[in-house]
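J.: Please take these sequences and the hints and turn them into a complete structure.
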Amino acid sequence: GDSVTQMEGPVTLSEEAFLTINCTYTATGYPSLFWYVQYPGEGLQLLLKATKADDKGSNKGFEATYRKETTSFHLEKGSVQVSDSAVYFCALPKETSGSRLTFGEGTQLTVNP
Amino acid sequence: DGGITQSPKYLFRKEGQNVTLSCEQNLNHDAMYWYRQDPGQGLRLIYYSQIVNDFQKGDIAEGYSVSREKKESFPLTVTSAQKNPTAFYLCASRSGRAGDTQYFGPGTRLTVL
Numbered sequence: 069g070d071s072v073t074q075m076e077g078p079v080t081l082s083e084e085a086f087l088t089i090n091c092t093y094t095a096t097g098y099p100s101l102f103w104y105v106q107y108p109g110e111g112l113q114l115l116l117k118a119t120k121a122d123d124k125g126s127n128k129g130f131e132a133t134y135r136k137e138t139t140s141f142h143l144e145k146g147s148v149q150v151s152d153s154a155v156y157f158c159a160l161p162k163e164t165s166g167s168r169l170t171f172g173e174g175t176q177l178t179v180n181p
Numbered sequence: 010d011g012g013i014t015q016s017p018k019y020l021f022r023k024e025g026q027n028v029t030l031s032c033e034q035n036l037n038h039d040a041m042y043w044y045r046q047d048p049g050q051g052l053r054l055i056y057y058s059q060i061v062n063d064f065q066k067g068d069i070a071e072g073y074s075v076s077r078e079k080k081e082s083f084p085l086t087v088t089s090a091q092k093n094p095t096a097f098y099l100c101a102s103r104s105g106r107a108g109d110t111q112y113f114g115p116g117t118r119l120t121v122l
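Chains as they are written, first to last, in my numbering: chain Z, 69 to 181; chain Y, 10 to 122.
I should point out that these hints are in silico values taken from the structure, not numbers from a laboratory.
Note that the structure is predicted; figures quoted are calculated from it, not measured.
Ideal Cβ placement from N, Cα and C applies to all residues, glycine included.
Zero decoy hints are in this set.
Computed, partial: chain Y to chain Z, Cβ under 7 angstroms:
no., residue
1, Leu52
2, Leu54
3, Gln59
4, Leu99
5, Gly108
6, Thr110
7, Pro115
Okay, the calculated beta carbon distance ranges per label pair:
no., chain 1, residue 1, chain 2, residue 2, range
8, Z, Glu83, Y, Glu78, 47 to 57 angstroms
9, Y, Leu122, Z, Thr138, 43 to 53 angstroms
10, Y, Pro115, Z, Thr80, 24 to 34 angstroms
T.: Take a look at the structure:
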């Protein structure tokens with residue numbers, strides 16, 4: 069079945085460091101791919117998405133490229149800020165089941181000043 | 010303002026009591042979802058609905074019930090049959106077009122005393 073695997077966390081970085089959070093997936097067909105962010109005590113917010121192979125999603129300095137050949141959708145940011153501290157989830161929809169989302173386990177990011 | 014509202018934000022329940030969590034959206038979305046999140050874990054699907062008066066079980070439906078009498082509303086009842094109901098509950102909706110984004114509400118934290 070469809071699945072998403074995220075890199076193990078937590079991740080702790082200093083401000084202005086480079087961030088990569090790995091995400092690989094298994095899916096039937098070529099679904100859209102999503103990154104969501106969750107701040108403490110809040111719901112999930114869409115960070116970025118890509119709808120087809122080789123698409124690059126970007127938002128707030130974060131980027132991720134839909135790589136069909138490696139079935140990956142790694143999240144990157146060139147220079148993190150303290151305000152980026154949150155939990156990040158990679159997700160893909162299952163179109164045959166009402167587009168329900170399958171999530172990775174989430175990666176806790178802490179950025180220290 | 011368009012969006013998804015969940016109420017209450019915090020909810021306390023005694024063992025053996027049923028409790029209903031509210032979810033309302035004014036985005037005119039066809040599909041709505043309920044997810045459960047446990048500490049340090051990803052989200053798991055409880056129920057989803059693609060259209061009014063229709064809904065399907067997700068991965069962990071036991072001990073929960075839902076209704077979809079109106080397009081904008083998808084309440085979740087946590088029954089006394091749910092063995093471990095303490096969790097963070099998130100409601101989401103999407104437009105129904107393939108590949109479209111799911112948008113999330115702010116969540117309800119349920120604690121069983």
